[in-house]
Each structure stands twice: as structure tokens, then as C-alpha cells.
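Visitor: Residues 34 to 586 (our numbering) make up the sequence shown, in order.
Source of the hints: derived by calculation from the structure; they are not laboratory data.
Where hints are given, some of them may not hold.
Stated by the list, open to error - Here are the in silico distance ranges between beta carbons for each label pair: (1) D300 <-> D557: 40 to 50 angstroms; (2) M482 <-> T187: 51 to 61 angstroms; (3) A406 <-> A208: 57 to 67 angstroms.
Where is the CB? At the ideal position from N, CA and C, for every residue including glycine.
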Amino acid sequence: MKFALIALLLATSAAHAALPRVGSSAERDYILGRYAFSDDKLGEAARYFDAARRSNPADPTLGRRAFELAVAAGDEKLAVQLANQLTAAGQGEPTTALVRIAASLEKRDWKAVDAARPGLADAGYAQVVGPIVEAWTLFGRDNVDAGLARLDPTRATGFTRSYFAEQRAHMLAAAGRFTEAATAYRDLRGGSGPGINFLRIGEADALQQGGDAKAAAVVLDAVADDPIAAAARARLSAGKRIGALTRDPRSAVGWACARLATDLARDKPVPLALIFARVATFLSPDNSATWLVAGDVLARSQRIDGALTAYSQIPAGDPLFEPARARRAQLLAGSGRDEAALALLNAEASGKDADATSFTRLGDFFRRSEQPAKAAEAYSRAIALAPGGKPGWSDYFLRGSSYEQAGNWAAAEPDLRKALALAPEEPAVLNYLGYALLDRGETLDLAQMMIQKAAKLQPDDGAITDSLGWALFRRGKFAEAVPVLERAVAAQPGDSMINEHLGDAYWRAGRKIEARFRWRAALDLDPADKNKAALAAKLDYGLDVGPGLVAAR
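Using the sequences plus the hints, can you model the full thing?
Guide: As C-alpha cells, this is what we get:
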């Protein structure tokens, strides 16, 4: 019976309307939940697991699974309901406490926050979240000085210190102590990147509210090509308030959760990162940064539909709308939905605010989808729109390599040489131009010098090492080429072209059995269509005859 039901489910359309109605038995709802989960329908999965839990309340794992999925799906109502039920049943734990705290903060129910906070227990993140929640609860009760004292960075050690210092800056701003807040934000800044740029916004807002709009402008002008800073500059110029990073306990704790999610997912996606990301959206749904973080964590967890939905919560006109749209396009393209991805990129490129980045993204799409001529056209638009009329080396490199891949060497070579002139120490340019010249039998000495320089700059790069070996091969130094190409294969064993090159070198060095082994490996590694026939011919007839037979066809 179970196997027949599973077979029926697997044969059923993934559309919601085709699935049986939630409810009749724990077994069926459990299977439907598993099915929905595997189909990346987290919301449906959560509801099915919840129905299974209600049919079989004695099974603690069903409620726990339903709760986790409700949070992952962003279903706040169900997540809070299940967190309360699990806690009442004695099955609460730190993440259920976190969700209960969030719900209580939204209601400004400080007693409920106090009651839920001990549920964080000894979780690793409790040493960060617990004091921050306690401090903002004190702030909510108008005990600002006690809240600030709880966030004293000198009371913290290790990574918690920066969290306390940042939250203290937020609290000073929320309390209207703008001069102190600006100093606190400035003291936090010590690097670069999106996180630091947000702190600049906080500092600039505090300076503006403290009456020093000129100093606020200086802080913002130090940030180039950042959409958040650009929006802040526009508001400042229009005489409007820039806007605080956080306004109250709810948004402040939401900000902390978003930061924790980012830090937890920095090396690899972890379930806890998604919980923090979702709680951040529960607490600060009007903060586009929380949706961007949630989308990023979901994307890294391969929850594509959830990530797309999260990114789509950021409205047009928001400073983070364009980065979110670019991420949506990348995800759509990566999941094989090229038509939808291209529609987004074309919409961006045809908009009134289209800039060089818009066309670079479009070019990148065409390059990834193996349409080099269209990629070159898009990169040409990007070059024409380059800020200050000064394209960078990467602009010329992208267009030149696209021209080269499209077979237009006459257009490619000037671009690649321009890129090299702008970045003479860039290994990617040295290698690409050197290999292209080598492949055409042009200026072999110069080509080899370029590749050797690239290899010296980046000795562990398999592609560059391959070029170095291929340069020796093209000059007839087969015995010298073999060990170099062997190093290239060791560095990038999954590259079809590098395996093919090593096979060619083995053949010319008289190691014909090993040559065929490498060609077979190259053919199994899904080479480009244009290389498949040549590899098959080498396997059948060898290097001396095979390529000629293919060329004659």
C-alpha cells in the first residue's frame, strides 16, 4: 500500500491543484510533505507536516519538522503558532524561543520577551542574541541608560564585541543621542564592503540629525558605486532625512539577526543561517536588506524558488532593487530558466536608469549561454556607458574574449591588447592573449613570454599551466610539455581541454596508450560540441590521422 501511494505521488504533477487535499491521515500528509519538500515547495511542506502532526500528536518529530519548514518558507503565522505549541508541550528549544521572542517584540510585549528569552538557553548564539534582546527590552521600557550599559563592548569578548558595539550605535541613534551615535558608527568602520557602507549610512544619518549635513555629505561621498549610499546622497541633497539603520527594538533585533545570518552563511549555508534570515524578515519586513540576506541564504542552500520569492519582495525604486534583480536573473539562468532570466536583464538594460553595469550583466548572460557575438554587442554598450568615459581593463577583456570566441579575431586582438595595456600584470589577460596568439601560430616568442609571465604571477592556476605546456607543445618541445601538462591536469582534473592537450603531448612523446586514456577522459568530461568529433577521431585513428579526417568531412 505504501509503495503504491508513493508511486502515485511521484507520478503526480507538482502543481498544487494536482496534489490531494491536506488532511486525512498522518501517513499521507507526511509523504505529501516529503514530496513538496523535494520539489522546493517549503510552504506546502510545512502545512502537510503540520497536518500530519495534528493527526498524530504523539510524534514529536512531526511538529519539529513542520516548525523548521514554516520558518524556512517564511510562514510567520504558522511558525509562531508551532513555536508556541512545541514550547507548551515541553519540546521547545532555542530556535522556537527565537521565534517567540520575535513575535513578542512585534507586539512590544516586554513581559513575553522576558519569558521567552531563557529559552535561548546555552545555544552558541545566545551570548550574542540574549544580551541584545535584553538591552532593547530595557530600551522599550524607557530605560535607555540600562540598555546602553548592557551593550557595553568592554563586557564582551571575541566576535560578540562587534555585535554589541554596532547595536549600541543603533541604540544611541534611536535615543536621539546623535553626536554619540555618529562617533560610535565611525569607530566601527575599519574596512570596506557592503557592511561597512551600511555603517556609513548610519553615521551620515546621525550627523545629519545632529545638524552637520556637510559632514554627512563627506561620509557619503567616500563611498563610490554603492546604491545605498547613492540613495542616501539623493535624500540628503533633497533636504530629507537619510534614514536610521534601525528605529526601535523590533528593527534593531531584526538587523542583528540579518547580520548573524550573513556571518553564519559566509563559508557554507547552514540551517541556522536560514532561521536567522527568516526571523530578520519577520522583524523588519520593510528593510530590503533583510530580504536580500534571506534570498542569498536560500540561494546558497539551493532553495531557488524561495530565493526568487525573497528577492522579489524588494520593490522597484528601492536602492537594493537592481542588485536583487541581478541575483534573480543569475538564479533563473543557473536553473535553466534562460527565457525568464533574459527578460529581467533586458528590462534592466532598457530602463531609463540603465548603466554600464546593466549591459555588463546582459553580456555575462550571453557569454554563459554561449552567444559570444551578442555578448560582445552588450559589452560594447557597457564600454560606451563607462563612468567618466573611462572603461576599465575588464571591459575590454570581456568584449575582446567574446569577439575571439565568436571568430572575429580582427576585432578581438585590439581589445585584448588594450586590456593588457591597462593591466600589464593581470594573469587572466596575459594568459588569454598569449594563448590566442599561440593558437593562431602568431608571434610564438611573444605569446610564450606572456604565458610565462602569467604563470609566474599565478603559478597554481591550472588553465595558465595548461597554456604554458601547450606553448612548449606548439614549439615541438613534446618531452618538456608533458610534465607541465601533467601539473595542469592535477590542478584541474575535470577540464576536458587540458586532458586533451595532455593526450596530444603523450602521443607526440611516444606514449600512445596513455594518450588514448587521456582522450577518453577528455571525451567523458563533456567537451564542447566542436571538440567531440576531433576527440573521437583521435581515439579511433590517433593524432597523426584523426584530426585530418575530421577536417576533411
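Visitor: Quick one: which hint numbers does this structure break? Sort them smallest to largest.
Guide: 1
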